[in-house]
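Starting from the known structure of chain Z, arrange chain V on it as the hints suggest.
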Amino acid sequence: MTSTVASSPASSAKALEPRTRIAVAGLSKTYGAASRQVTAVDNVSFEVRQGEFVALLGPSGCGKSTILNMVAGLLPKSAGSIRIDADDVEQGLVNRKVGYVFQRDTVFPWRTVEANIGYGLEIAGLPRQQRRDKVESAIETAGLTGFGRSFPRMLSGGMRQRVALMRTLIMEPEILLMDEPFGALDTHTKLEMHKTLLDIWERERQTVLFVTHDLGEALTLSSRIILLSARPGRLKDDFAVGFARPRDAVSLRETPEFARLYTHIWHSLGEEFRRTKAK
Amino acid sequence: MTQRRFEILFWQFAILVVILAVWQWGYDACKATLPKSLVPGILDPYFISKPTAIWSSFLKLACFADKAGTSACLSANDNNLWIATLVTLKNTWWGFLWGTLAGIAAGLILGRSEFLAKIFEPYVVALNSIPRIALVPLIILMFGLGDLSKIVTAAIVVFFVLFFNTFEGTRSVDRDQIAAARLLGASEMTVLRTVVVPSALAWVFASLTPAVSFALIGVIVGEFIGAERGLGKLIIEAEARANAAEMMVSIFVMMIVGIGLAYIVRRLQSHLLRWQPQFDQQQ
Numbered sequence: 000m001t002s003t004v005a006s007s008p009a010s011s012a013k014a015l016e017p018r019t020r021i022a023v024a025g026l027s028k029t030y031g032a033a034s035r036q037v038t039a040v041d042n043v044s045f046e047v048r049q050g051e052f053v054a055l056l057g058p059s060g061c062g063k064s065t066i067l068n069m070v071a072g073l074l075p076k077s078a079g080s081i082r083i084d085a086d087d088v089e090q091g092l093v094n095r096k097v098g099y100v101f102q103r104d105t106v107f108p109w110r111t112v113e114a115n116i117g118y119g120l121e122i123a124g125l126p127r128q129q130r131r132d133k134v135e136s137a138i139e140t141a142g143l144t145g146f147g148r149s150f151p152r153m154l155s156g157g158m159r160q161r162v163a164l165m166r167t168l169i170m171e172p173e174i175l176l177m178d179e180p181f182g183a184l185d186t187h188t189k190l191e192m193h194k195t196l197l198d199i200w201e202r203e204r205q206t207v208l209f210v211t212h213d214l215g216e217a218l219t220l221s222s223r224i225i226l227l228s229a230r231p232g233r234l235k236d237d238f239a240v241g242f243a244r245p246r247d248a249v250s251l252r253e254t255p256e257f258a259r260l261y262t263h264i265w266h267s268l269g270e271e272f273r274r275t276k277a278k
Numbered sequence: 000m001t002q003r004r005f006e007i008l009f010w011q012f013a014i015l016v017v018i019l020a021v022w023q024w025g026y027d028a029c030k031a032t033l034p035k036s037l038v039p040g041i042l043d044p045y046f047i048s049k050p051t052a053i054w055s056s057f058l059k060l061a062c063f064a065d066k067a068g069t070s071a072c073l074s075a076n077d078n079n080l081w082i083a084t085l086v087t088l089k090n091t092w093w094g095f096l097w098g099t100l101a102g103i104a105a106g107l108i109l110g111r112s113e114f115l116a117k118i119f120e121p122y123v124v125a126l127n128s129i130p131r132i133a134l135v136p137l138i139i140l141m142f143g144l145g146d147l148s149k150i151v152t153a154a155i156v157v158f159f160v161l162f163f164n165t166f167e168g169t170r171s172v173d174r175d176q177i178a179a180a181r182l183l184g185a186s187e188m189t190v191l192r193t194v195v196v197p198s199a200l201a202w203v204f205a206s207l208t209p210a211v212s213f214a215l216i217g218v219i220v221g222e223f224i225g226a227e228r229g230l231g232k233l234i235i236e237a238e239a240r241a242n243a244a245e246m247m248v249s250i251f252v253m254m255i256v257g258i259g260l261a262y263i264v265r266r267l268q269s270h271l272l273r274w275q276p277q278f279d280q281q282q
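Sequence lines, in order, name chains Z and V.
Here the first sequence stands for residues 0 to 278, numbered as in numbering that gives the first Met the number 0.
Here the second sequence stands for residues 0 to 282, numbered as in numbering that gives the first Met the number 0.
Isolated chain Z, as found in the complex (with noise of 0.2 Å):
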């Protein structure tokens, strides 16, 4: 199943790994009642290390948003276990060093851009200067440099998301959990948004697991792909994406090691689009 770190050797080189910032063990979710039950995803198990961009990939309804929202506590699992850390994640327990970025647009549209990327800060009790000072940072990081005091709605879909984005960065989160955060973008936009993100994390180097189901983004991001089935989802493959970095979005698309990589995994992705279309 795992083709790339399984050829790691002796354990006197497993001590310089980074440690495991993410447990996936025997994870399942069922819906429904017992006769009628769905199974969304069906006992997958991978570990993300200190520092790791993995990236969640599979064709729509395989269940890895459900893997993100089960791993974020958002969602109740049916079996199995998550680790974060030492630490079991419960549904419903926020855990301070997890950040979560959704797809479907969440800014607060009551309030301003600078009150939105500001709203954890000021809900921990940060005092209004070192606030602002981080927020004015954020804005321009972010690219939003003179819509500090509008609201959401004068904003494009990528500024809002933009937004979003800086609302979660700004609380320094060690662990960036992103549920296809790009996925309502256009092209062009989602490009741009990828340049930023790189920056931030090439900069931050937090660990990330990001759900996508756009091979282009995930090769493009991150450092590890893991690849689940159709629904119900299940653990497929594992590459890793060894492109230098600091990456260009744009440029790199057109390496030819971008190309080879890109079909090799199509091919294997490829498999589950027409599993999902058969059903």
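Note that these hints are calculated values from the structure, not bench results.
Cβ atoms here follow ideal geometry from the backbone N, Cα and C, with glycine treated the same way.
Residues from chain V that face chain Z, not an exhaustive set, calculated with beta carbons under 8 Å:
| hint | residue |
| --- | --- |
| 1 | D175 |
| 2 | Q176 |
| 3 | A178 |
| 4 | R181 |
| 5 | L182 |
| 6 | G184 |
| 7 | A185 |
| 8 | T189 |
| 9 | T193 |
| 10 | V194 |
| 11 | P197 |
| 12 | P276 |
Relative to chain Z, chain V alone:
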């Protein structure tokens, strides 16, 4: 654009002039020209008075036309137009305020708790089925002829309007926004304060304009049934004397009060809801 505006204003003004003219001279003109059976009884000044008569009644009731002087007239009558208006306005305001606060609080609590909502549902349905006006005699019996019974009446009327709107608003809050707030470290109370309330506010405000009119209706009906002062009391007194002009004065004052209250609420609304597209520009 401005051309159109001018045209609209012109027609609005023209209609006003026609209404006032028919009101003032219509009945006499009909009586002079038409056979008796065709004269419209509805235009009889006995019922609807006349603009000039209403105006002089206004001057009299407002103490502008008293021989003893305005201030002497004002102190002689403890239900002159000014006091009556202030009393009605004051009772409307307090009834509106208490009804609004209680309605929002109840709506938030039941909206956030499925359990409590289920328990109270039959009671809410039952109470809401009572025509509020039917309670007024009972309220006056309980709280007396003074201002308190009017405030309670207005508050009860307003309460249900605000309760249902807040309840719906609270239930329609985006679940993902609540999840986002929680993931950013918000406690249940913080979620309520920073997500549920602002998001339900759009619903709450949508109901404030009708609520303020309902509060005024509640107070006036209370004054009809039993009161010492107020615009409603003025109308009842004028009715006893079959004085249409004085009734009309009170009705016009109520109209102006109603417009004023609605305007204030609308201004507040467009400020607090400025994040919503429909409140982009000041109307």
